[in-house]
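Participant: Residues per chain, in single letters:
Number of protein chains: 2
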Amino acid sequence: VAPAQVIYDFSAEPGNNELTVREGETVTVLNQNVGGGWIEAQNSRGESGLVPEDYLQVSVCLFITDYTPKQYVGPVWLYPQSPLDCVVADPKKGSKMYGLKSYIEYQVTPNTTNRPVNHRYKHFDWLYERLLEKFGSAIPIPSLPDKQVTGRFEEEFIKMRMERLQGWMCRMCRHPVVSNSDVFQLFLTYRDEKEWKTGKRRAEKDECVGPMVFSTIDPEAPELDIIEVEQKCELFSRFTKEMDDGVKDLLNVGNIHWKRCTGPLRKEYQKIGKAFQNLSSVFNTSGYTGEATLTDALTAAGKTYEEISQIVAEQPRKDLHFLMETNNEYKGLLGCFPDTIGVHKAAIEKVREGDKMVAAGKITTQDKGTMAKRISIMCYSLQAEMNHFHSNRIYDYNRVMQLYLEEQIRFYETVRGGKRVGSIKW
Amino acid sequence: VAPAQVIYDFSAEPGNNELTVREGETVTVLNQNVGGGWIEAQNSRGESGLVPEDYLQVSVCLFITDYTPKQYVGPVWLYPQSPLDCVVADPKKGSKMYGLKSYIEYQVTPNTTNRPVNHRYKHFDWLYERLLEKFGSAIPIPSLPDKQVTGRFEEEFIKMRMERLQGWMCRMCRHPVVSNSDVFQLFLTYRDEKEWKTGKRRAEKDECVGPMVFSTIDPEAPELDIIEVEQKCELFSRFTKEMDDGVKDLLNVGNIHWKRCTGPLRKEYQKIGKAFQNLSSVFNTSGYTGEATLTDALTAAGKTYEEISQIVAEQPRKDLHFLMETNNEYKGLLGCFPDTIGVHKAAIEKVREGDKMVAAGKITTQDKGTMAKRISIMCYSLQAEMNHFHSNRIYDYNRVMQLYLEEQIRFYETVRGGKRVGSIKW
Numbered sequence: 001v002a003p004a005q006v007i008y009d010f011s012a013e014p015g016n017n018e019l020t021v022r023e024g025e026t027v028t029v030l031n032q033n034v035g036g037g038w039i040e041a042q043n044s045r046g047e048s049g050l051v052p053e054d055y056l057q058v059s060v061c062l063f064i065t066d067y068t069p070k071q072y073v074g075p076v077w078l079y080p081q082s083p084l085d086c087v088v089a090d091p092k093k094g095s096k097m098y099g100l101k102s103y104i105e106y107q108v109t110p111n112t113t114n115r116p117v118n119h120r121y122k123h124f125d126w127l128y129e130r131l132l133e134k135f136g137s138a139i140p141i142p143s144l145p146d147k148q149v150t151g152r153f154e155e156e157f158i159k160m161r162m163e164r165l166q167g168w169m170c171r172m173c174r175h176p177v178v179s180n181s182d183v184f185q186l187f188l189t190y191r192d193e194k195e196w197k198t199g200k201r202r203a204e205k206d207e208c209v210g211p212m213v214f215s216t217i218d219p220e221a222p223e224l225d226i227i228e229v230e231q232k233c234e235l236f237s238r239f240t241k242e243m244d245d246g247v248k249d250l251l252n253v254g255n256i257h258w259k260r261c262t263g264p265l266r267k268e269y270q271k272i273g274k275a276f277q278n279l280s281s282v283f284n285t286s287g288y289t290g291e292a293t294l295t296d297a298l299t300a301a302g303k304t305y306e307e308i309s310q311i312v313a314e315q316p317r318k319d320l321h322f323l324m325e326t327n328n329e330y331k332g333l334l335g336c337f338p339d340t341i342g343v344h345k346a347a348i349e350k351v352r353e354g355d356k357m358v359a360a361g362k363i364t365t366q367d368k369g370t371m372a373k374r375i376s377i378m379c380y381s382l383q384a385e386m387n388h389f390h391s392n393r394i395y396d397y398n399r400v401m402q403l404y405l406e407e408q409i410r411f412y413e414t415v416r417g418g419k420r421v422g423s424i425k426w
Numbered sequence: 001v002a003p004a005q006v007i008y009d010f011s012a013e014p015g016n017n018e019l020t021v022r023e024g025e026t027v028t029v030l031n032q033n034v035g036g037g038w039i040e041a042q043n044s045r046g047e048s049g050l051v052p053e054d055y056l057q058v059s060v061c062l063f064i065t066d067y068t069p070k071q072y073v074g075p076v077w078l079y080p081q082s083p084l085d086c087v088v089a090d091p092k093k094g095s096k097m098y099g100l101k102s103y104i105e106y107q108v109t110p111n112t113t114n115r116p117v118n119h120r121y122k123h124f125d126w127l128y129e130r131l132l133e134k135f136g137s138a139i140p141i142p143s144l145p146d147k148q149v150t151g152r153f154e155e156e157f158i159k160m161r162m163e164r165l166q167g168w169m170c171r172m173c174r175h176p177v178v179s180n181s182d183v184f185q186l187f188l189t190y191r192d193e194k195e196w197k198t199g200k201r202r203a204e205k206d207e208c209v210g211p212m213v214f215s216t217i218d219p220e221a222p223e224l225d226i227i228e229v230e231q232k233c234e235l236f237s238r239f240t241k242e243m244d245d246g247v248k249d250l251l252n253v254g255n256i257h258w259k260r261c262t263g264p265l266r267k268e269y270q271k272i273g274k275a276f277q278n279l280s281s282v283f284n285t286s287g288y289t290g291e292a293t294l295t296d297a298l299t300a301a302g303k304t305y306e307e308i309s310q311i312v313a314e315q316p317r318k319d320l321h322f323l324m325e326t327n328n329e330y331k332g333l334l335g336c337f338p339d340t341i342g343v344h345k346a347a348i349e350k351v352r353e354g355d356k357m358v359a360a361g362k363i364t365t366q367d368k369g370t371m372a373k374r375i376s377i378m379c380y381s382l383q384a385e386m387n388h389f390h391s392n393r394i395y396d397y398n399r400v401m402q403l404y405l406e407e408q409i410r411f412y413e414t415v416r417g418g419k420r421v422g423s424i425k426w
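Residue numbers (full-length UniProt numbering), protein chains in the order written: chain F, 1 to 426; chain L, 1 to 426.
Hints were generated in silico from the structure; no laboratory data involved.
Don't take every hint at face value.
Which copy is meant is left open, so a pair is good if it fits within one copy or across any two.
[What the hints assert, rightly or not] Quick list of in silico lysine-lysine cross-link-like pairs, DSBU-like style, CA-CA up to 35 Å:
| hint | residue 1 | residue 2 |
| --- | --- | --- |
| 1 | Lys350 | Lys318 |
| 2 | Lys241 | Lys303 |
| 3 | Lys373 | Lys101 |
| 4 | Lys267 | Lys241 |
| 5 | Lys259 | Lys362 |
| 6 | Lys101 | Lys356 |
| 7 | Lys200 | Lys303 |
| 8 | Lys159 | Lys362 |
| 9 | Lys345 | Lys274 |
On a predicted model such as this, the values are computed, not experimentally measured, just so you know.
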């Protein structure tokens with residue numbers, strides 16, 4: 001159940017189960033998934049019926065957790081009971097202009113319809129631009145994985161891009177405000193080219209973007225204490241900056257380690273392996289008796305080192321990869337916060353000057369009231385966003401650390417296993 | 001029981017249990033350890049008694065193994081039943097010239113007398129020069145560990161030098177010809193400064209050096225087929241050259257790996273550890289609930305990496321060290337063979353030209369016979385030396401490989417152990 005603002009007058013046609021609404025009226029959304037461009041709504045008099053979805057601006061509800069000393073985290077977004085998710089898979093090469101231009105199309109399947117839709121990278125990019133324009137003031141929208149022109153059809157690259165698009169889509173799906181937006185739903189569930197084109201055009205003409213997005217948010221809660229919010233905001237600002245440094249540091253050492261493992265270290269173990277095997281071959285030519293145990297041991301040691309060389313070189317893709325991908329995602333996400341926080345701070349500053357501006361006759365008392373209400377919504381949504389970030393962060397890093405440590409243990413067991421084979425032979 | 005050549009006439013004093021001998025006579029040594037400069041000998045008539053040791057040149061016996069298809073290795077040195085060994089330990093700083101000059105004295109204790117004697121590095125060097133001069137034509141005498149002037153009293157350096165002197169002494173002790181020589185025995189068993197000085201002077205005046213040493217070797221066997229010996233020699237020459245390459249290669253990659261482990265790799269693991277711990281600290285400041293498991297895991301991962309960093313840095317000293325030391329010793333030893341083999345080849349060439357030289361009247365038929373006998377002894381001793389080298393090589397490398405692989409397994413178990421701690425905490 002979410003409230004919606006009526007943005008145009010609409011007169012019901014009798015007998016069609018429609019509801020007459022007037023601009024400025026607030027209605028309650030009963031069913032947003034009626035289809036065919038209709039929403040089922042109820043007005044304040046208890047009458048219900050269908051209204052064209054373009055005539056309504058559905059608010060996003062914030063939910064404020066009850067205060068209990070241990071669990072209190074402040075405002076959180078209203079999360080859907082079954083979270084949206086999607087699978088990006090099956091990249092296929094397509095071409096147009098008689099084969100002069102070729103591209104890769106990815107299949108995107110949401111868990112709601114279970115019906116795959118196709119999208120090229122540039123569609124993802126279009127979606128990113130829309131989300132950034134619409135939500136950028138309130139919600140950090142991380143960049144898409146880098147564009148890269150050369151070697152675009154190289155298998156490895158396509159797989160990597162797909163993985164990253166998957167990661168990006170998952171993150172967007174997990175956000176209750178973003179995932180519930182028309183443009184995001186269009187991207188995931190359009191039924192044919194016509195619906196896609198129409199939806200695109202409508203999304204591009206969407207006027208509820210930037211700071212306007214706050215007007216669609218209804219915190220259902222009293223106004224907040226600005227000083228407390230400012231302190232929280234300051235804390236969060238410092239936290240994201242420090243986490244940004246920490247993440248970049250980890251990415252940096254991770255990259256260096258990755259390169260060392262796949263480069264010099266791999267070659268070095270190979271060389272050690274070769275040196276042992278070479279000595280074994282030389283010893284075999286001695287013509288002396290009683291040499292077999294020794295040359296077997298040398299050969300085994302040599303082979304073990306060659307195995308270690310391979311294991312070491314393949315290891316980063318097994319453990320570091322996921323750790324790096326997650327940190328890369330967070331690096332992108334953290335890069336968005338300064339802007340979001342900046343918008344927030346500027347708004348608080350404005351409210352602070354409200355009294356002066358009223359005194360100077362620059363704004364009316366009513367304007368000041370509206371501003372205060374707006375800033376309160378912004379504060380709620382920033383806090384909800386902070387909490388969203390933290391809970392996601394803990395979830396993501398828990399997962400990545402668990403996988404990482406498991407892979408590490410597997411690694412050392414593999415290496416040791418190899419060693420043991422060497423030693424048994426011995 | 002070894003034969004000895006009488007080199008000066010000696011007339012026994014009656015009632016003193018002495019034996020009269022004439023220059024050129026061959027006697028059998030009954031007891032070389034009578035002491036006081038005497039040897040108990042028996043002449044061909046069965047009479048026995050004491051002869052001054054300076055009047056006799058005791059031969060070294062070669063022993064020829066019986067031919068059995070699987071075990072036949074050809075001539076070997078006559079090895080003592082209880083092999084000589086010694087311990088180099090307890091380096092002490094001494095000084096002379098009123099403290100203006102200081103030096104390190106090592107305690108050397110042979111397993112025969114169990115009585116420690118003191119020697120400075122320059123005494124070892126003196127011994128090396130004597131052994132090289134006396135046996136260099138027949139037996140490869142590896143160089144002493146490098147001299148190094150700067151930081152000579154640095155603890156680490158002294159320990160390293162002691163270890164290497166120990167290795168060198170062990171190798172010399174293991175050689176039945178070298179270890180049985182007067183000069184080597186003097187070095188290990190002198191009782192006082194006077195005995196040491198006298199022995200030194202005598203050793204420096206020893207005329208049985210260089211090719212002359214072959215005259216003290218009695219193969220107790222028929223002359224050898226020169227073509228067969230030449231082939232064996234060629235094979236051994238190629239073997240030592242190839243082993244030299246192999247050993248140098250292993251030393252090279254070993255050194256690179258050592259440097260990487262103690263340098264960049266150590267630092268890298270440290271940095272990874274710090275990055276994890278840093279992220280953990282940042283997360284701890286979030287003020288969000290339910291963070292503890294994650295920050296514990298991050299801290300544990302960070303600490304594990306710091307432990308790995310230390311383990312990795314300390315590893316070379318545990319496993320590579322002994323492998324490198326042994327290969328370094330062999331590098332030195334292998335460097336001596338070209339000379340030894342060169343002497344051998346030149347001698348064979350001379351015998352080849354024997355007939356021509358007799359025809360040209362340059363040498364007599366008797367000279368040629370003596371030469372042939374001499375070359376036969378050289379061949380026997382080279383083969384004995386080859387076999388000595390091979391059996392020592394197999395023994396040394398078996399030992400070093402076993403230790404190396406054991407340490408390697410211990411290493412990976414330690415690292416994995418660390419990982420497991422991290423994972424249990426998790």
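Participant: Looking back at the numbered hints, which does the structure fail to meet, lowest number first?
Facilitator: Violated hints (numbers, rising): 1, 3, 5, 6, 7 and 8; every other hint is consistent with the structure.
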